[in-house]
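Chemist: Each chain, letter by letter, is given below.
Number of protein chains: 2
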Amino acid sequence: MEGDPPVRLRVFDLNCWAIRYLSKRRQERMRLIGDLLHREDFDLVLLQEVWSEQDYSDLKVKLGGCYPFSHYFRSGVIGSGLCVFSRFPILDTLLYQYSLNGYPYMLQHGDWFCGKSVGLVLAWESASLLTHSSQLHAEYCREKDAYLPHRLVQAWELAQFIRHTSKAADVVLLGGDLNMHPEDVGIRLLRGWTGLQDAFVEATHFEGCEDGCTLVPNNCFTDKSEMLPFPLGIRIDYILYKAMSSYTVKCEELKTTTGAAPGMAVPFSDHEAVMATLHIQREGQAAGTTFGTAELALADVVTEARTEVCVGLQVAQRQRYSSGRMAVLALLLLLLQAAATLGVLVGLDAGQPFPKLSFCLLAFLAIGILLLSTGLHLFHTMEVKMLRSTEEQMQMVLRALQERP
Amino acid sequence: MEGDPPVRLRVFDLNCWAIRYLSKRRQERMRLIGDLLHREDFDLVLLQEVWSEQDYSDLKVKLGGCYPFSHYFRSGVIGSGLCVFSRFPILDTLLYQYSLNGYPYMLQHGDWFCGKSVGLVLAWESASLLTHSSQLHAEYCREKDAYLPHRLVQAWELAQFIRHTSKAADVVLLGGDLNMHPEDVGIRLLRGWTGLQDAFVEATHFEGCEDGCTLVPNNCFTDKSEMLPFPLGIRIDYILYKAMSSYTVKCEELKTTTGAAPGMAVPFSDHEAVMATLHIQREGQAAGTTFGTAELALADVVTEARTEVCVGLQVAQRQRYSSGRMAVLALLLLLLQAAATLGVLVGLDAGQPFPKLSFCLLAFLAIGILLLSTGLHLFHTMEVKMLRSTEEQMQMVLRALQERP
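Each protein sequence line maps, in turn, to chains Z and R. Mapping of the first sequence onto our numbering: residues 1 to 405, in sequence order. Mapping of the second sequence onto our numbering: residues 1001 to 1405, in sequence order.
What the hints contain is simulated information worked out from the structure, not anything from laboratory work. Be a bit skeptical, because a hint or two may be false.
[Claimed, not checked] List time: in silico DSS-like cross-link candidates among lysine-lysine, alpha-carbon distance up to 30 Å:
1. K1356/R x K356/Z
2. K62/Z x K255/Z
3. K250/Z x K1167/R
4. K167/Z x K1250/R
Predicted model, so just to flag it, every value in this text is computed and none were measured.
With these hints in hand, go ahead and build the complete structure from the sequences.
Modeler: Now the structure itself:
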């Protein structure tokens, strides 16, 4: 690539909000997305929330001509919702499922069932292009964000996964709906620990929603009441990049969609798409990244994230304890009932002290509570393990940062 | 390291069989293992089945002097059981949990609860040493191995994880109880797709159990009846290695323990330990690996593995269908009961057609079956997803292998 003209890479990222039976006007929107991708001819397309494999297959058929390579990442009960379309051959793929992703009993949020993951695609033009696509746990209430520790564990695992897999790549990309505002601790941790740069911040030219927001109040699908504290909207969808080895990457242009395209009745999704034009050039010698220059700031971010993870750990420990105690109480009730039944059977207790039906109902209730609380106890045991493990890893990194001269 | 005398690396690997309350003479054996490690002074120690964190902490205290660096990998409900002790600083760690690992309802086997994983440790002496430690799903019946597709998915994910994380390392190691015989398709897939070499095969000098077996009939803890078809025992614990970049690695010596150490009453575990002495040298230029010379054979192995995964996929699809049908039947029964109750309530059906107690018991039974079969249906849906995903990845690799000139 040295001496060659620089490569221009056009990347498209969109959370498609394509949940079967639930997302409004899904089929119409997926058709519009397909049309846009067909018309615009990007190099790499990263889509999230494509939960239906049929939607992926339809897109694949439609886009076969301009994006001959594609991959759909399967995981969890519903799926990861991630898929990638590429103009370059996809040489290899790998999926890493986050160890924590919400709670199975929060059915109304449903993140747990999705198997949220980061999908890696190794594509090749003249440089090896390692592309990660991901979606982190949603934030349902910013004031009292119960999922913050889980999202931080995910941001940490995402950063670690990128660090470990990208060492031999030339250019590393991450696109996705990270469900974090630009100033949030999770995104600072991710950027600080991987050295990834934010295309919106670095872009020479920007066009689109104000402040690069990707969830905006005047999109007809967004919940207006949730947007009240953010009159301009929020930016939670990102394209991040990093040059490795002897390459440099610059973001020439960043665009977002702004609601419905001209002549169209509906926007593509409840999120706006992010489109980056990157300028990739091979330099004579290894280019220095900005990573390493701000280690003190990084130590602060890791400390902040660790504090939040510790808070989550305490909550998880309390929940583990409560569910364990509930299981023990249910077991005691069952034992008591068994003893009473035995008493009646061996004739110690003459007569019929309990109405049969209520006795049976009580036993079933106790069994139900026992099973449920045991399940919860096991779940929170696992949660405690993963939070503690992340906390320890962060501590190890902090020590290493402090020991560096 | 160039021009320096070669480095001798002593690696120890053992499945410790240290399950709290279940493994025989656990504490005594863990003490013996600690004594051995303290006496022998290895460079890297990879342990599996250390399920109790207390056992790890005790070892850490005991071995702090000779192995100042260590890491315990937490995952799943019970844990991954993996830990690493090192004479070199551990710079970074990462855990990858396999997407399939048996069935939650196979309580007697319990693998599902362990969160089987591969743990990665990046250690550094003068070369960067990427060490993976893992344990795959156990084989409970060789003739009718219901877990073969899951173990193959794990072997594939392990191979993919090693390939993607090891690109910038100098030397790659994998130690663990892989629960596969040397001629099994899973180990051939793992070795073929990563280029890892088997220390037992390559060793200049070998000392220990015949054929390098690590599960032998004359170990007092092994089940003699399971060992009947294998009078010498079986080899399922491995140390595998690969030189990357400009390094060469040779295995000078491989040893296994042979039951109880002299003067000791019990063996260290139901498995024998594997100990390798590796000779690592930096060469002037990049050393060619044997990987790539046998692509035709690799294509055969991938095809064989894919066939087994397809068989597993069909079984999983049948199970998903049966559990789904059972859930629908239970739901119908419940609806029928609800209709009958409603009929009685609105007075369509005068009198009391059902005995109350039996009616309630039937309803609870239906609810129980509905919950259970829905859970199973979701589990098998996930299983189908992961098996299909692996099958597709293997197909992609096969295409790539066939397209190469």
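Chemist: Are the hints correct? Go through all of them and say.
Modeler: Going down the list of hints, with the structure as the test:
1. Of the pairs offered as hints, the one joining K1356/R and K356/Z holds, with about 10 Å between alpha carbons and a cut-off of 30 Å not exceeded.
2. Under the criterion of a C-alpha separation no larger than 30 Å, the hint pairing K62/Z with K255/Z is consistent with the structure, at around 24 Å.
3. Between the alpha carbons of K250/Z and K1167/R the distance comes to roughly 25 Å, so the proposed pair stays at or under 30 Å and holds.
4. Note on K167/Z and K1250/R: the hinted pairing holds, with a Cα-Cα distance of about 25 Å set against a maximum of 30 Å.
Violated hints are absent here; each numbered hint is respected by the structure.
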